[in-house]
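Chains as they are written, first to last, in UniProt numbering: chain V, 1 to 238; chain W, 1 to 238; chain X, 1 to 238; chain E, 1 to 238; chain F, 1 to 238; chain H, 1 to 238.
The set of hints was computed from the structure by calculation and includes no laboratory data. Hints are supplied without guarantee of correctness; some may be wrong.
Remember, identical chains collapse to one label, so a pair may be satisfied in a single copy or spanning two.
Said to hold, decoys possible - Mimicking EDC-like on lysine to aspartate or glutamate, the simulated pairs with C-alpha atoms at most 20 Å apart in a straight line are:
| no. | residue 1 | residue 2 |
| --- | --- | --- |
| 1 | Lys106 | Asp10 |
| 2 | Lys106 | Glu32 |
| 3 | Lys106 | Asp154 |
| 4 | Lys147 | Glu110 |
| 5 | Lys106 | Glu206 |
| 6 | Lys147 | Asp104 |
| 7 | Lys106 | Glu185 |
| 8 | Lys83 | Glu228 |
| 9 | Lys106 | Asp20 |
Protein chains: 6
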Amino acid sequence: MARDDGRSPDQLRPVTITRDWLAHAEGSVLVEFGGTRVLCAATVQDNVPRWRRGSGLGWITAEYAMLPRSTNTRSDRESVRGKIGGRTHEISRLIGRSLRACVDYKALGENTIVLDCDVLQADGGTRTAAITGAYVALADAIAWMRKRKMCPGDPLVNSVAAVSVGIVGATPLLDLCYTEDVAAETDMNVVMTGSGEFVEVQGTAEGIPFDRSTLDSLLDLAGAGCAELTALQRRVLS
Amino acid sequence: MARDDGRSPDQLRPVTITRDWLAHAEGSVLVEFGGTRVLCAATVQDNVPRWRRGSGLGWITAEYAMLPRSTNTRSDRESVRGKIGGRTHEISRLIGRSLRACVDYKALGENTIVLDCDVLQADGGTRTAAITGAYVALADAIAWMRKRKMCPGDPLVNSVAAVSVGIVGATPLLDLCYTEDVAAETDMNVVMTGSGEFVEVQGTAEGIPFDRSTLDSLLDLAGAGCAELTALQRRVLS
Amino acid sequence: MARDDGRSPDQLRPVTITRDWLAHAEGSVLVEFGGTRVLCAATVQDNVPRWRRGSGLGWITAEYAMLPRSTNTRSDRESVRGKIGGRTHEISRLIGRSLRACVDYKALGENTIVLDCDVLQADGGTRTAAITGAYVALADAIAWMRKRKMCPGDPLVNSVAAVSVGIVGATPLLDLCYTEDVAAETDMNVVMTGSGEFVEVQGTAEGIPFDRSTLDSLLDLAGAGCAELTALQRRVLS
Amino acid sequence: MARDDGRSPDQLRPVTITRDWLAHAEGSVLVEFGGTRVLCAATVQDNVPRWRRGSGLGWITAEYAMLPRSTNTRSDRESVRGKIGGRTHEISRLIGRSLRACVDYKALGENTIVLDCDVLQADGGTRTAAITGAYVALADAIAWMRKRKMCPGDPLVNSVAAVSVGIVGATPLLDLCYTEDVAAETDMNVVMTGSGEFVEVQGTAEGIPFDRSTLDSLLDLAGAGCAELTALQRRVLS
Amino acid sequence: MARDDGRSPDQLRPVTITRDWLAHAEGSVLVEFGGTRVLCAATVQDNVPRWRRGSGLGWITAEYAMLPRSTNTRSDRESVRGKIGGRTHEISRLIGRSLRACVDYKALGENTIVLDCDVLQADGGTRTAAITGAYVALADAIAWMRKRKMCPGDPLVNSVAAVSVGIVGATPLLDLCYTEDVAAETDMNVVMTGSGEFVEVQGTAEGIPFDRSTLDSLLDLAGAGCAELTALQRRVLS
Amino acid sequence: MARDDGRSPDQLRPVTITRDWLAHAEGSVLVEFGGTRVLCAATVQDNVPRWRRGSGLGWITAEYAMLPRSTNTRSDRESVRGKIGGRTHEISRLIGRSLRACVDYKALGENTIVLDCDVLQADGGTRTAAITGAYVALADAIAWMRKRKMCPGDPLVNSVAAVSVGIVGATPLLDLCYTEDVAAETDMNVVMTGSGEFVEVQGTAEGIPFDRSTLDSLLDLAGAGCAELTALQRRVLS
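With these hints in hand, go ahead and build the complete structure from the sequences.
What follows is the structure, encoded as structure tokens:
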């Protein structure tokens, strides 16, 4: 099956990670997966949420949002509506959990790093692009802290990358763009460490329930995709 | 490894499903997984959300909430705080998606069924109990509609059940209670159809990332658990 | 005049109070007035609101809410609407004031007891059922505290019970069910102590204004009803 | 017992009702009960709330609010806090119900009258002053409508007035000012028609529960007070 | 060109400033510019916002609001809508900035003065009337503080007054009433000190952009108007 | 006086306007004034707000927001706080009014253009950069509409550009960067048409009130700055 943009089923879109995109943030990255563009900013704060004070442990949290015209039709601002939607909440939580998987809270000390992931342009896979880019911003923010001797140890114990996979017309595809995502029978987001283990597996049957062998083929695809993204992250950071 | 309540690793807690728990709802169920008690009410509405009008298709949606003292310490009401938290949003969306997997929208006609899942008492696995119970309430509501000839066809094309699995102290366990859930290194919620296919797979490494074989063992456990729950649903409905 | 359920005008519906309905709360009761079912949970907190700190005095507060499908037609969740309605506010405040009437703040010490009254099923008289049940939950919570020597004295100086009365078709009736409530020309909620004095009297002419003798007959009915409920509370607690 | 301002126990404060205080409203009144000053504005709208459309019946509703510095210490604006408090809700509902008692919905036709009662200065009894003043604004608005032949009949079938009574130091007092209200053991708000019947009776034991004879003496006082206010309303409107 | 109310283009409406309109506030003024009536209350608080604590400096802030029926058609309450509109925000900020221009924060000490400006009746120029009146309430509140020796020095270093000007039918007009404001091509609000300098200049082309000479003529008009208002403020305060 | 970045007092920062920065929007621009970077997206909607329907006239509106880490320290998201701040409201309204000054509503027909101005990086003058950039996005969106024959005429009757000016250390400066803005005694934002007339003049004395000659010198500076920006807009659009 030929994909609209000519990719093979197991091929990522062109992925670029541009560091230091912002002047003020301790770490910042513009990550692009094809037409998807997410601005990831890491902010270092020398304190932790109330429930964690005095523990000696740090914290990582994330907020995800889309600009109103990042998509094909304009969507209302959540600030104007006065509340955050379920999808936004869900993705913010996913990004936070994913990045916490590569951090040693004790080595971080009582500091917080906030990852703001703002989608400037959306073409499918915004949450996985956000995780992949935010990891690089996080690494830069941690380097910034270590230069200033703010951390008792090295908090960065692993890396994380993420990719979407799905079944479109019975074919398992890697890194779905928007039109593929809409057409997918099954959609899965996979977050993996640099050492190839799973951090998150979220698979959803959009239409037709899927069997174990389909699940297996999707996990295989995702594993290869994440390995490629991990290699890119290393290149960009070195 | 012995579990606190003496269960074997692959054993469900005592599960009961009490139909017609409420006088007014078109379908209602009190579902209990051990100490977890969720009240599921299905409401039939003879219209659909604005974006679906004129399509001839129906809709299924769900709302999940916890009573403030369902848990060990009291939590503030979301109505008092004036907003719904991320976790609540996430679970409501999961329940809705799961139940939509067993319904034929066309056979439902332009009607909506709302599933309210209110946790009266929480001891782990509230979202999977909610899905398992809500399915029965949904089936009752559909039967109620069919008796009144409200549907053009039979909307119930499958059944769904759900269970949590996790790794505690390196052992894969089925149907975690609260203390196990807190101790779990990896936590997974699995929603399956009555015919044994996946609707949702949501696995999260709470501490240590997990490898493919761990994932496989958890899916095996979940498959067996869901089959048992499916059998119970059938018994209860017959 | 025969009532729909065959009761005489001065007869309560079957009332049951089930203690310890919840595993976690310090006091918990499922109270039923016929088809009205309210879950009352008492939570002990070892602090008081900011404005009361350092006074040596305790505090009692209450929150009332209805599950969306407790009623004949589903109502939207107040958490989803993002604000609490006037009726909910009004009833929460009534329950709080009523229960404060039976407590000695000094003997309670700087502790707070929160009463959560959640209506699982509504058939008229939910606020009076809530007060009657919450009193028992409160008594259990205070006993729990006294066993742990948390209070400087015995905070429970009285009991409270509540009942609705109203004029339907010119006849004064005790303990209105939903259909009677809707048909009532005048509706009154009366909260009384175990020693027969008034804590709250709230009478409203729904259609036709009422005269003094009507008011007197309603107060008589309510007095007898509250005495009966007081007797039941004592039986249940002993 | 001498009252601070030298009144006898059964004496109202000086009460003034100034009509046409605002240029734009269809009816408007500045009502003063001693130091309590409430601005009541009646707005005529040629439609009814959605749930009443097509019924041929009108509607009366009310909103109550206090200016931030109407009281001794400044209170935050509810608009700034982003939500309406329980007390505000409760009083708005009370005013609306009270005024609905003197209106024939059918004669009003499908029109709504909104009564805005804004407390400019508070010294006790703001809700009863608001009801007493709002009645006059309502009468003016109805006269305005009738001049324009907007109503199928005469909607004003009665009048309403309201007053507070309470027990201070064992003495029943009429029309409590703020310092008396704070000191009251029992506090009651009574709304009556011009023909001397009850519309609302709301009695609350603030400290000590009260017996039937106390209740009777308070109702006697309130009856006389409301009769006096009714006479004033008539004088002012003629 | 004759104005509707017979004024000449450079003439203010009748302006009155009534001090001590409220019993409780430390300073209070009812200011009237023709049919525009604004109640200004100054509240003294012996603390400052969190971000200013420990600085030794005071703070001045303001809140503006309109009663729902101050205008020709009723507008919804911002408290009911649950949020403050852009116009309200903008004017509150303008009033606060304007009054801060005449205060020495150091001489004020760590105290805050809140100016509440509530529009009772609106007929154009509510924000400029509010500033002009609030200055007098502020002066009274500062005098109140100085009598109690709350301030380290004399915080009142200048006075402020404000007026609107605009172009209607090519003619520059002073102090627009509502109908003139609606018809204006250009609308400008000018805040000036008692010594004739500018604090705020806010000019907006409502329809046709304006040139420099138009701007100059408007500033001339405003200068004369503010001088007149300053003289009135002095008279009223002496 | 030398400015930090070596500019002369009447010199703009390097200004760039990049068109078509987004794939989906009908017009989109990344505008940069030195370190200030604003993404402006124009969305065409084939309808108008409710209050304008049936008038045959179009509408232009704008929303302004800052990304949380566009500034030196992170600010909370307004969506998370659940409300829009006063500054955001004020600037959104300013941008909308400014752009409406160059549009003929009748020639636009019953269509709306929404301008979203999101600050990616802030270094002073974000609102004036937003207006200057949004004009170009608007022109592109109108060209897009005209190609599709959506407009009855040519709605673009003029152009608008904006710049900030201020007094720092007694010197009037053009186009303040953040550190200059913070140090300014007087701060003014000026919006002008391409033909050199004023659309908005907003001058604020941050510390010391300013006299007429200061105001004149600031308007001179702004006039020259806007002319330069107008020339750039023309170059970019041709």
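These are the hints, each one checked on the structure:
1. Lys106 with Asp10: Classified as neither: same-chain Cα gap 38 Å, cross-chain 35 Å, threshold 20 Å.
2. Lys106 with Glu32: Neither: 32 Å inside a chain and 39 Å across chains, both beyond 20 Å.
3. Lys106 with Asp154: within (9 Å within a copy, 46 Å between copies)
4. Lys147 with Glu110: within (17 Å within a copy, 39 Å between copies)
5. Lys106 with Glu206: between (40 Å within a copy, 16 Å between copies)
6. Lys147 with Asp104: within (18 Å within a copy, 43 Å between copies)
7. Lys106 with Glu185: between (42 Å within a copy, 18 Å between copies)
8. Lys83 with Glu228: neither (37 Å within a copy, 40 Å between copies)
9. Lys106 with Asp20: Result: close neither inside a copy nor across copies, 27 Å intra and 42 Å inter.
This entry does not satisfy hints 1, 2, 8 and 9, going by the numbered hints stated previously.
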